[in-house]
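Colleague: In case you want the letters, here they are:
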Amino acid sequence: MLAAVNGLDLVAKTVVDGFVAGLHRSPDFGFSQEFAEYRSYTPGDDLRQVDWNVFARSERIVLKRYRGETNSQLTVMLDASNSMAYGSHGVSKIDYARYLAASLSYMATQQRDACGLIVFDDEVRNFVPPSTRQGQLHRLLHGIEHAEPKARTDFLRPFQHFQEFMKRRGIAAVISDFWAQPEAIVKAVAPLRFRGNEVILFHVLDPQEVRPKLRGPAILIDMETNDSLEVSPDYAREEYRQKIDAHITDLRDHTKRAGMDYFQIPTDRPLDEALREYLSIRQGRF
Amino acid sequence: MGFLAPWFLAGLAALGLPIYVHLLRQHKTEPLPFSSLMFFEQRTQSSIKHRRLRYLMLMALRLLLLFLIVLAFANPFWKSTALINRGEPLLVVGVDHSFSMRSGTRLADAKQGAAGIIAAKGGGARAQVISLGNNADVLTKPEQDKSILRAAIESIQAGDGKTNFGEFSRAIRSISNAAQVPLQVHLFSDFQRTGLPAGFNDLQLPTGVELKLHPVANRAETNYAVETVSAPATVWDTKKARVQATVAGYESPAAKKTVSLVVNGRALQSKPVELAANGRATVEFIGIEANYGFAKCEIRIDGNDALPGDDRMLFAIERADPKKALMIHESRDGRSPLYYKAALGSAGESAFTLDVVPVEQAGGLNLSRYAFVVAADVLSLPSSLEASLTKYVQTGGSVMIALGPSSARRNRVPVTGDPVSEGKYYSRDGARFDTVGHVDTTFAPIAKASGWQGVRFYYSVRTPAANARVLARLTDETPLLYEKKIGEGRAVVFASGLDNLTNDFPQFPAFVAFAEQSARYLAGVDERQSVAAVGSSIELRTQRETALGVEVMDPDGKRAMSLSEAARASSFMVTREGFFEVRRANGRHEMIAVNADRRESDLGLIPEETRSLWSGAAGETVQAGIGPAASSKKEEEQVHPYWWHLMFAALLAAVVETIVASRYLGVEQEA
Chain A
1 MLAAVNGLDL VAKTVVDGFV AGLHRSPDFG FSQEFAEYRS YTPGDDLRQV
51 DWNVFARSER IVLKRYRGET NSQLTVMLDA SNSMAYGSHG VSKIDYARYL
101 AASLSYMATQ QRDACGLIVF DDEVRNFVPP STRQGQLHRL LHGIEHAEPK
151 ARTDFLRPFQ HFQEFMKRRG IAAVISDFWA QPEAIVKAVA PLRFRGNEVI
201 LFHVLDPQEV RPKLRGPAIL IDMETNDSLE VSPDYAREEY RQKIDAHITD
251 LRDHTKRAGM DYFQIPTDRP LDEALREYLS IRQGRF
Chain B
1 MGFLAPWFLA GLAALGLPIY VHLLRQHKTE PLPFSSLMFF EQRTQSSIKH
51 RRLRYLMLMA LRLLLLFLIV LAFANPFWKS TALINRGEPL LVVGVDHSFS
101 MRSGTRLADA KQGAAGIIAA KGGGARAQVI SLGNNADVLT KPEQDKSILR
151 AAIESIQAGD GKTNFGEFSR AIRSISNAAQ VPLQVHLFSD FQRTGLPAGF
201 NDLQLPTGVE LKLHPVANRA ETNYAVETVS APATVWDTKK ARVQATVAGY
251 ESPAAKKTVS LVVNGRALQS KPVELAANGR ATVEFIGIEA NYGFAKCEIR
301 IDGNDALPGD DRMLFAIERA DPKKALMIHE SRDGRSPLYY KAALGSAGES
351 AFTLDVVPVE QAGGLNLSRY AFVVAADVLS LPSSLEASLT KYVQTGGSVM
401 IALGPSSARR NRVPVTGDPV SEGKYYSRDG ARFDTVGHVD TTFAPIAKAS
451 GWQGVRFYYS VRTPAANARV LARLTDETPL LYEKKIGEGR AVVFASGLDN
501 LTNDFPQFPA FVAFAEQSAR YLAGVDERQS VAAVGSSIEL RTQRETALGV
551 EVMDPDGKRA MSLSEAARAS SFMVTREGFF EVRRANGRHE MIAVNADRRE
601 SDLGLIPEET RSLWSGAAGE TVQAGIGPAA SSKKEEEQVH PYWWHLMFAA
651 LLAAVVETIV ASRYLGVEQE A
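Residue numbers (the numbering used here), protein chains in the order written: chain A, 1 to 286; chain B, 1 to 671.
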């Protein structure tokens, strides 16, 4: 279905429209009337938030917190390395990742959230600062559309720079095939989390990458390094599957331990269905 | 085990084909781009592993199929060595009773020798007696009783047949095959050189046959014989009848002989003849005094020699009135009857009397009285006469039609109905004449007329000669002489005239021969058989005459055939000399003189080396001998080819391969 739709805005609209809940609640506590909690005063807190009534009754200084649904910031980080160009059927991983990025951007824009884009491979290729300004969605989609696979993936170098771009706390959605060791990925991505950002890893994989089927011995060429390797069907059928399963499990565990969200999406799965599932899981978590 | 055609084993090289298909071709791999090789490992054995044979069962079946086919073509065999109890050897005694054995005491000596062999055999040993002439006749079945065997030998009489050692060997091979025991063969013969077959292979005897040759003549003896006689079967004019005889001497010095012509037991003429050493001489007798009907004749030479039986040669003649022939001509054409009648009368024998009738007077003639009819360039043939002429031919008569300038004015040839294309005057061309281009020399009237060389044809009538046997053509391909079958009879068309205006043929001596021979051919007088050799067959009836009875009387005046044979036999083989009377299915009576084959007159012997070779090549020696306790147990190698087993197995492998291959193919298509 996705392959048949050319314009990313149309794809995003088709995917997102009809969703009940948004991607997030705002992590900031605002000035709405919805009470959230009391918290003890710590030096430096805004005195305007002190509940003086409580202080009068109990002589304790507490802050009254309200839950507000306002103005979060979403940064979509799109991996445009060569490995993302792989596709065993009609939709390659980079296409699927583009649709996903466009859908998230569209969703954030619909929620009046600031939304930005970082396209990276072994360095940052494109950066669209988060904004709620008019025409932001158009800029995002333009950036996504021009994200072409060019070089190999290197999580460390581009993620070091991400710190500079992430001025405000918000949500960072990393879309990649994550062809690296889970420890290295988490090590590179975790600093985002330390600054209060919520990090979601969208792991885009082609079905052939998970369950490769070879009819006979084949010479495989690495799309990033151009290395070649003779692979037997037996190996692909048995050992490789064990390794990729272990890799996915490791990555999920490591990201979970690092307080990040992980969601694996195979490219043969309808994007709307996958997004709906993820959002419903996420909704239940809050 | 071995192979009868081992060079086919080179085909085993084809076994590489399935291996190539299953191993090398499968190894072709296309490089595939993949997102990351992070979890793939380089393995040193992978290349080898990739070269694994795929579809092992299918490949094995294909290899098996090829192997079996190649093996089957190599024709393998296995040998088994078995101790075979071949039983007691069989004694076979052969006695030659051919015509040459009449010389001196040869036959008696042979019978005595054969009886001696029988007498010397052990009481329990079995023996068989064979007589050898034109054929090898088995006179007894394997017998132990000596009296029966002796009686069989005694019953052998001097024959008139020709020795045929090839037939003897064939009979021995047949006995050996049937008896499946070793044979000890004794042959008593004069071992004439002329009795050898054309190829020595015909003398080969199988393994287990021991041949012992007992010559009853130790040298070639002097012999004289009447070798050939040439005499007319039918004599019309006794004064002109001509008989030629050839007298030959074998191993003979120069000699003078007297040759006599004997008719019905009466010597009519005698002539002296001088023979050179080992030479031949020809004698001719003119005039045979004989009564009407058949006469028994012979040519005889005097003097004694080793083989008196061939000092005479029989022949039979039939004296008859000359046959009547009719010639129809235009009354203004006087030349054709003049030349043709003169030619026919000039022939050696006046076999025909020619009635010359102008065409306008021929209407009421009874044509059936004539042996044949000649129509010489007739223009105005009355329709009634043409109808009766056509009917005459259709019922078995013969007609010769000469086409001259008058005939060319007709639209078609009488009787045959062939359209006349044109009449051509060669004298009006630059060449002035044409000559004979091609002739069919198998046609006696042409062959005996020297092929008509030098004859000039100034005029010819061109006809298509469709469905006809063309016997002669002019150089411009015009059919000059052709024969056409019409009903039971035949018509011979001569596309020029019989006069000296349309050609100069009548002025050639060949014209006389042509006129005589064509007359004989048309009248059918040369078809009668009057002389035959012993061992030859006389044709009694054609396929169309199966329902009609025939009769053959032997020289003793007895019926030579049983009634059932007379009702069915299409031929009769003559086995003795003498005069045979034959009544054929068509009602004709004939007398046939039968003489012994004159190759028997040559008493030259087979060289000693050839005899040794024959007896030496007769397989192994039967060591056991012929005696009461004699038995032959020996180890024998038997060869058993089994190529057809392999072909059957190959067929099975092919069927299984088809099933397995279709299964794999199905799996691959699904994949």
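Derived by calculation from the structure, the hints in this document are not laboratory data.
Some hints could be false.
[What the hints assert, rightly or not] Restraint ranges, calculated between C-beta atoms of paired labels, are given here:
(1) Leu23(B) <-> Lys150(A): 40 to 50 Å
(2) Pro233(A) <-> Met57(B): 42 to 52 Å
(3) Pro43(A) <-> Glu41(B): 22 to 32 Å
(4) Leu23(B) <-> Arg257(A): 24 to 34 Å
(5) Arg257(A) <-> Met57(B): 49 to 59 Å
(6) Arg257(A) <-> Pro31(B): 32 to 42 Å
(7) Pro233(A) <-> Ser80(B): 34 to 44 Å
[To be verified] Residues from chain B that face chain A, not an exhaustive set, calculated with beta carbons under 10 Å:
(8) Phe34
(9) Leu37
(10) Asn218
(11) Glu221
(12) Phe648
We put the CB at the ideal spot given by N, CA and C, even for glycine.
Colleague: If you test the structure against every hint from before, which numbers come out violated?
Modeller: Structure breaks hints 2, 3, 4, 7, 10, 11, 12.
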